[in-house]
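A.B. asks: Since the structure of chain P is provided, determine the placement of chain C on it from the hints.
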Amino acid sequence: MSTPGLILSRRQTFAFISPAFAIIAVFLVFPAVWALYLGLTDLELTGIRAVMPEFVGLSNFVRVFQDSFFYNALKISLVFVFGSGIIGQVGLGLLLALLMHREKSWIKTLVAASAIAAWIIPDVVVAYLWVAFLDSDFGLLNRGLKLVGLGPVNWLFHYPLFSIILFNTWRGTAFSMLLFSAALQTLPPSYLETADTLGASAWRRFRDIILPLLKTTILTDVLLITLWTFNVFTPFLLTGGGPSFRSEILPIYVYRTSFKYFKLGYGSAISTVLLLINLAFALVYLQAKRRQKKW
Amino acid sequence: MAEVVLEKVSKVFGAARAVDEVSLEVRDGEFFTLLGPSGCGKTTTLRLVAGLELADSGTIRIGSRDVTRVPPPERRIAMVFQNYALYPHMTIAENISYPLRLRKVPADAIARKVGAVAEKLRIEPLLLRMPSQISGGQQQRVAVARAMVQDPQVYLFDEPLSNLDFKLRLEARRFLKHIQRETGVTALYVTHDQTEALALSDRVAVLKDGRLMQVAPPEEIYRRPANAFVAGFVGAPAMNLVEGEVLGSRFISGKFRVEVGGEPGLASGAGATLGIRPEHLELKPAGAGALAGIIDDVEPQGHEQIVTVLVNEVPLLARVIETQRLKLGEPVSLRFDPSALHLFGPDGNRVN
Chain P
1 MSTPGLILSR RQTFAFISPA FAIIAVFLVF PAVWALYLGL TDLELTGIRA
51 VMPEFVGLSN FVRVFQDSFF YNALKISLVF VFGSGIIGQV GLGLLLALLM
101 HREKSWIKTL VAASAIAAWI IPDVVVAYLW VAFLDSDFGL LNRGLKLVGL
151 GPVNWLFHYP LFSIILFNTW RGTAFSMLLF SAALQTLPPS YLETADTLGA
201 SAWRRFRDII LPLLKTTILT DVLLITLWTF NVFTPFLLTG GGPSFRSEIL
251 PIYVYRTSFK YFKLGYGSAI STVLLLINLA FALVYLQAKR RQKKW
Chain C
1 MAEVVLEKVS KVFGAARAVD EVSLEVRDGE FFTLLGPSGC GKTTTLRLVA
51 GLELADSGTI RIGSRDVTRV PPPERRIAMV FQNYALYPHM TIAENISYPL
101 RLRKVPADAI ARKVGAVAEK LRIEPLLLRM PSQISGGQQQ RVAVARAMVQ
151 DPQVYLFDEP LSNLDFKLRL EARRFLKHIQ RETGVTALYV THDQTEALAL
201 SDRVAVLKDG RLMQVAPPEE IYRRPANAFV AGFVGAPAMN LVEGEVLGSR
251 FISGKFRVEV GGEPGLASGA GATLGIRPEH LELKPAGAGA LAGIIDDVEP
301 QGHEQIVTVL VNEVPLLARV IETQRLKLGE PVSLRFDPSA LHLFGPDGNR
351 VN
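Quick mapping for you: the protein sequence lines, in order, are chains P and C.
By this note's numbering, the letter at position 6 of the first sequence is numbered 6, and the numbering carries on one by one without gaps.
By this note's numbering, the letter at position 119 of the second sequence is numbered 119, and the numbering carries on one by one without gaps.
Only chain P is shown next, with the shape it has when bound in the complex:
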């Protein structure tokens, strides 16, 4: 089937994009499929199993579901995703976007700039900043608490999960805020102004007008943030997953299994489970999006 007016024939089009396809295949598709395959072997990083891995079928997966470390990491990941992703990034991002939406002064610029700054600084730098901020002896937070007669608290030791939740919220809120701000910008100002003349309270404006019109954006954001937060590894730079596995989210557990205990096969199997969990979230989201009323 040829469409009139096309500059390139179908074959030419493929010729032009095939280099991109090739690169994607070699560097993205192949490793991903390879990882899936590794999950079905007992490959290790050293020793005889590194040279002669054996195909073990689904036994790795059977082990995953009997592994108390896996359940620990899953539970911590869920709390982490809910706390830093849903409540933190989505919730706070939405709140900030709403507060800033009709603000016209320099405060808006300042808030947006700080949020974006938190977002564009490299991971390692941010992690270091947070280690410094939370340090039990010299950290800014404890210095501040001391002024009001509190502390010091060894945050990373006593509240490791809380610390990485706080860190990841700070780290990623900008994205949600920008996304929601952009969505709010697309609403005609007259929607809210009409509500103003009718005397709708802030809550009614949100519930009756903004929330229904932003539903799709919120769903999209929740999905993206959930997936990203599930897969994020940076908290490792703060706590290393400890102390005693209390902040060991799933990616850190995968890392520990694969590169500390050298069980690459088993680590790949856990990764596959992680992938399936992500897939499940995506399906729930797509379902919700399909049920969205069109107007």
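In case anyone wonders, no lab produced these hints; they're calculated from the structure.
Keep in mind that a hint or two might mislead.
[Unchecked claim] Covered stretches of chain P (in silico footprint by chain C; criterion: 3 or more residues with CB under 8 Å from a CB of chain C, positions within the stretch not fixed):
1) 41 to 54
2) 198 to 206
3) 209 to 223
[To be verified] Here are a few chain C residues that sit away from chain P, every Cβ distance over 12 Å (derived from the structure):
4) Arg-61
5) Ala-78
6) Pro-99
7) Leu-102
8) Leu-121
9) Ala-292
10) His-303
[To be verified] Covered by chain P, per the in silico footprint, the following chain C stretches (three or more residues, Cβ under 8 Å):
11) 15 to 28
12) 337 to 349
Where a beta carbon is used, it is the ideal one built from N, C-alpha and C, also for glycine.
C.D. replies: Quick look at chain C alone, frame taken from chain P:
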């Protein structure tokens, strides 16, 4: 029902004086239009009355109440926006009833009221549809319905017809006027379209750069514009305006000379602008009229022709009703009644 009074109201945005010491009195039950080009401050003035903007100085009264600092819902106004601002996720009935639901009016009273208004505006069959499922003209009616259920003392219309195509606009215009007459509620209407302003209004205020240029009934705005700006802005095609100077009883602009008759009320040699409407210029054969020129352009309009005549290098537009064939370059002359001339002084204000 109430009058709206503005006393020396000003609003400044940054360095721009959007509204500059505007004083107005909209009478009870009047259809009053704010007319002007974009950026003239007409919408800002309307938003000041609505309470969506707060005046930097001056007083706004609705009825006998000073509302300058009163929040919008307590002003008893209802606003209709250019884009209608219907909520896309609510049905038409939900949209219309929204103001009443916010006021916690009982459900049966809401149903009765929405039904009555929908009947009056002939939108009953649409009540269960979504805004995206109805036409622009119908959306406009729904927006008016939502304003009506509020029982306001004043309707505020912000260019409510400019999103409609030409035919619908004429229909909606008549409809709006009819509804406003019937309800007798004071209406403050903003538009940049002078035809609309003349057709709808009891009185028109022309604004430019945040200042009032003239406040008068439509006929007077058209017949006796207070200054050169109003003269040029109101009327289509626009009034012919020629800049020059007055010497004795003559208006002179280069080789262009016109006897203005009587005492122009201007010092000899003073700068002046001469105006005459295209319909007051009669196209005559060469030598028959006071001004000799040649035909430079002809624009057929169906029922008439807009003819550009070059008179001593000054282009003048004339409306010609006849369907006679006119040739470009043909020598002709223009005849006019001196009483139809408008003369504006160096400050732009009318002097005759």
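A.B. asks: Would you say C/Arg-61 is clear of chain P, with no C-beta pair closer than or equal to 12 Å?
C.D. replies: Label holds. Min Cβ-Cβ 18 Å, cutoff 12 Å.
A.B. asks: Please verify that the nearest CB of chain P lies beyond 12 Å from C/Ala-292's CB.
C.D. replies: For C/Ala-292, whose nearest Cβ neighbour in chain P is about 54 Å away, the distance exceeds 12 Å, so it holds.
A.B. asks: With a C-beta cutoff of 8 Å, work out whether three or more residues of the segment 337 to 349 of chain C approach chain P closely enough for the coverage to hold.
C.D. replies: Since 0 is below three, the answer is violated.
A.B. asks: Against chain P, does the segment 15 to 28 of chain C show at least 3 residues with beta-carbon separation below 8 Å?
C.D. replies: Answer violated; 0 residues pass the 8 Å Cβ test.
A.B. asks: Beyond 12 Å from every Cβ of chain P: is that where the Cβ of C/Ala-78 lies?
C.D. replies: Answer for C/Ala-78: violated, closest chain P Cβ roughly 7 Å.
A.B. asks: Closer than 8 Å Cβ to Cβ for three or more residues is the test here. Does the segment 198 to 206 of chain P pass it with chain C?
C.D. replies: Our answer is that it holds, as 4 residues pass the Cβ test (under 8 Å) against chain C, meeting three.
A.B. asks: Given that the segment 41 to 54 of chain P was listed as covered by chain C, double-check it with a C-beta distance under 8 Å for 3 or more residues.
C.D. replies: Per the Cβ count (0), the hint is violated.
A.B. asks: Taking C-beta pairs only, is C/His-303 more than 12 Å away from all of chain P?
C.D. replies: With a cut-off of 12 Å, C/His-303 remains clear of chain P, as the shortest Cβ separation is near 38 Å.
A.B. asks: Examine each Cβ of chain P, and state whether all of them lie more than 12 Å from the Cβ of C/Leu-102.
C.D. replies: violated (5 Å)
A.B. asks: Verify that the Cβ of C/Leu-121 lies farther than 12 Å from every Cβ atom of chain P, and report whether the claim holds or is violated.
C.D. replies: Since the minimum Cβ distance to chain P is about 18 Å, C/Leu-121 lies beyond 12 Å and the statement holds.
A.B. asks: Would C/Pro-99 pass as off the interface with chain P, using Cβ distances and a cut of 12 Å?
C.D. replies: violated (5 Å)
A.B. asks: Under 8 Å between beta-carbons, do enough residues of the segment 209 to 223 of chain P, three at least, approach chain C for the coverage claim to hold?
C.D. replies: That given contact holds, which follows from 3 residues of the segment 209 to 223 of chain P lying within Cβ reach (below 8 Å) of chain C.
Violation of the numbered hints given earlier is confined to hints 1, 5, 6, 7, 11, 12; the remaining hints are satisfied by the structure.
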